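Engineer: Position chain B against the provided structure of chain A, taking the given hints into account.
Top line first, the protein sequences correspond to chains A and B. If you count the first sequence from 1, you need to add 66 to reach the working numbering. If you count the second sequence from 1, you need to add 66 to reach the working numbering.
Calculated directly from the structure, the hints in this document are not laboratory data. One or more hints might be untrue.
You can't tell identical chains apart in this list, so a pair holds if it fits in one copy or across any two.
Stated by the list, open to error - Lysine to aspartate or glutamate pairs mimicking EDC-like chemistry, simulated, CA-CA at most 20 Å apart: (1) Lys323 with Asp378; (2) Lys172 with Glu379; (3) Lys323 with Glu379; (4) Lys222 with Glu280; (5) Lys172 with Glu310; (6) Lys220 with Asp114; (7) Lys371 with Glu384; (8) Lys222 with Asp114; (9) Lys323 with Asp372; (10) Lys256 with Glu379.
Treat the numbers as computed from the prediction; the structure is a model and nothing was measured.
2 protein chains.
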Amino acid sequence: MGHSCLYIGSIVPLAEKSLISRIRGRAARRPGVAAGIGDDCAILNIPDGHQVLVTTDFSLEGVHFRREWHPADAVGHRCLARGLSDIAAMGGDPIAAFLSLALPPKIPQSWVNQFVKGLLKLADAFHVSLAGGDTAQSPNGVLADIAVVGSVSKGKAIRRSGARRGDRIYVTGTLGGAAATLKMLFSGRKLRPTDFATHFYPSPRIGVGRFLMEKALASAMVDISDGFSTDLAHICQESGVGAEIHAPAIPCASIGKPAREVELQFALHGGDDYELLFTARPGKRVPSRIAGVVVSQIGHITRHKDIVLMNDEGAGSELRPQGWEHFK
Amino acid sequence: MGHSCLYIGSIVPLAEKSLISRIRGRAARRPGVAAGIGDDCAILNIPDGHQVLVTTDFSLEGVHFRREWHPADAVGHRCLARGLSDIAAMGGDPIAAFLSLALPPKIPQSWVNQFVKGLLKLADAFHVSLAGGDTAQSPNGVLADIAVVGSVSKGKAIRRSGARRGDRIYVTGTLGGAAATLKMLFSGRKLRPTDFATHFYPSPRIGVGRFLMEKALASAMVDISDGFSTDLAHICQESGVGAEIHAPAIPCASIGKPAREVELQFALHGGDDYELLFTARPGKRVPSRIAGVVVSQIGHITRHKDIVLMNDEGAGSELRPQGWEHFK
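Isolated chain A, as found in the complex (with noise of 0.2 Å):
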């Protein structure tokens, strides 16, 4: 958590400088946080028969976002869901956020409080501490990657490898809204953020996951950041066996206002949704609604490894990965 750098005679803008002390008192102290901002390291507790859980996501400019396109404040938003819909997906605890930021010379103070406010404010509703990170001067755009650290009752964790052929298939809320809106947004079209807030103020599903590792229902889960059909392939690659997925059962989403429904393919290839992923064995009974987010049963994991989408005439095709590298 240092910030040395190699511009000699540089001036650290005072957007950085302000930053961590602005962060450092604003940031609420949780239990798990025994010392955060302040010091080389923070140092968590860990309760006693926990496993540590670990994930890192960046957040870039024109990567991940545009200021054009993104108030800070759902910037500051997604960059924290990113990392605590991972620890939603292992069905753990999140305890603290470490947030790595780097700002261009000439980036307004107004964006950077808005930035913090979005972040803290997810954090918050998540009993989350921002405990750290590091600032630098971006050569280039906003820059932030987001650590967060979670835990979870030894050997509970829900790891993308424990899917078995007849398992059921399940995904949490609504699928497509996050890439639907994002193709809005490239033809150019002007949007009130919370009418879309499934892209700018996507919810992590941490309720759901600790949900199915408490009750032991799911026997392997991911989050939806690639796309469906790209994470669909991450469980099947990691457990060895593929899937039958019938098409009229994916839940898409509905955007806007007044609300419309997206295309199949957004559902099924559209990344950023932070939805959960998951299967269970036959026997296990799976409610419709977990933590309040419906839950769909949309197929089954079969011993083949190719993935066969169903559509409603019972008619099948291969379902590829296609996540946001393909997606047109």
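Structural biologist: Below, chain B without anything else, positioned relative to chain A:
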């Protein structure tokens, strides 16, 4: 640990795609790592009665390194060394590192290979597992952020805030070598990296930190990453004390071939040394060499809240924190 992005239709560069699988294959699995790369989070085992240490540090092209000055393996080495040094400064044991790496589209594959090689070589030397991270396409230059997670016996972490009046002040190794080397690079000199190892391949002082923690010798500690004057000010500020430093006792680095001693100004204010600065109660017997590293007593803590530099004639002047920000 996802890597979705805004670039609809963009192709993720080969360098990035192969990076994950190569790291996954090459990163040794350590006892502390129950699950590394290949799930939403890494899962770490923390020894009973221990707390978790977390630190994150940027390594940004044009800010912390230049590709024309720094060989790729040195960039990878320094990237991890920054994080390990923070763990050392708490007296902790590093367990796992998490690398977020964004690469520009046209980066040579050989550069990425050498970067990973340099990072993993240092990781191996300290039995640290590269257990996860994130990858992205960079809009501009190489962007790396390293998170290092370690552990320390509960309540035994050496904080910045424990220095008391009368404590002796010590530093490990020699100071100023990294900054003096940087000045030579700025002046256009071509340097052989192995002749200037303090800059290109700094050694995090994990062994020294652990010894001081185990023997309960240090009352406060910080690593010298921002520059001695700035990092001493960190201890004084957090401890609410001042310091008196004996200038002739400061161990100035010798660099180059033949080796030449650097000027005192570099030792006082230059950053990136990654030595340890610590205090110990007057009654403690601090060895003059710990874990193979020379330890020098250079002053003592005072009640007054300023830092005074005494020259060899006994005259004092105020030593102001002049880390990178004002380094000329």
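Engineer: Have a look at lysine 172 and glutamate 379 and pick one of within, between, both or neither, based on CA distance no larger than 20 Å.
Structural biologist: neither (57 Å within a copy, 46 Å between copies)
Engineer: With identical chains, the pair lysine 172 and glutamate 310 could be close in the same copy or across copies; at 20 Å between alpha carbons, which is it: within, between, both, or neither?
Structural biologist: neither (51 Å within a copy, 39 Å between copies)
Engineer: At most 20 Å between C-alpha atoms: does lysine 222 with aspartate 114 qualify within a copy, between copies, both, or neither?
Structural biologist: Both: 14 Å inside a chain and 18 Å across chains, each within 20 Å.
Engineer: Checking an output row: lysine 371 and glutamate 384, CA cutoff 20 Å. Within, between, both or neither?
Structural biologist: within (11 Å within a copy, 71 Å between copies)
Engineer: Tell me, please, which holds for lysine 323 and aspartate 372 at an alpha-carbon limit of 20 Å: within, between, both or neither?
Structural biologist: Close neither inside one copy (38 Å) nor across copies (61 Å); limit 20 Å.
Engineer: Cα distance capped at 20 Å. Does lysine 256 pair with glutamate 379 within a copy, between copies, both, or neither?
Structural biologist: neither (38 Å within a copy, 70 Å between copies)
Engineer: Classify it for me, lysine 323 with aspartate 378: is the Cα-Cα distance of at most 20 Å met within a copy, between copies, both or neither?
Structural biologist: neither (29 Å within a copy, 76 Å between copies)
Engineer: Given a CA cutoff of 20 Å, do lysine 220 and aspartate 114 count as a within-copy pair, a between-copy pair, both, or neither?
Structural biologist: both (9 Å within a copy, 12 Å between copies)
Engineer: Have a look at lysine 222 and glutamate 280 and pick one of within, between, both or neither, based on CA distance no larger than 20 Å.
Structural biologist: So lysine 222 and glutamate 280 pass the 20 Å test inside one copy only (8 Å; across, 33 Å).
Engineer: At 20 Å max between alpha carbons, let me know whether lysine 323 reaches glutamate 379 within a copy, between copies, both or neither.
Structural biologist: neither (32 Å within a copy, 78 Å between copies)
The structure does not agree with the numbered hints 1, 2, 3, 5, 9, 10 stated previously, though it agrees with the rest.
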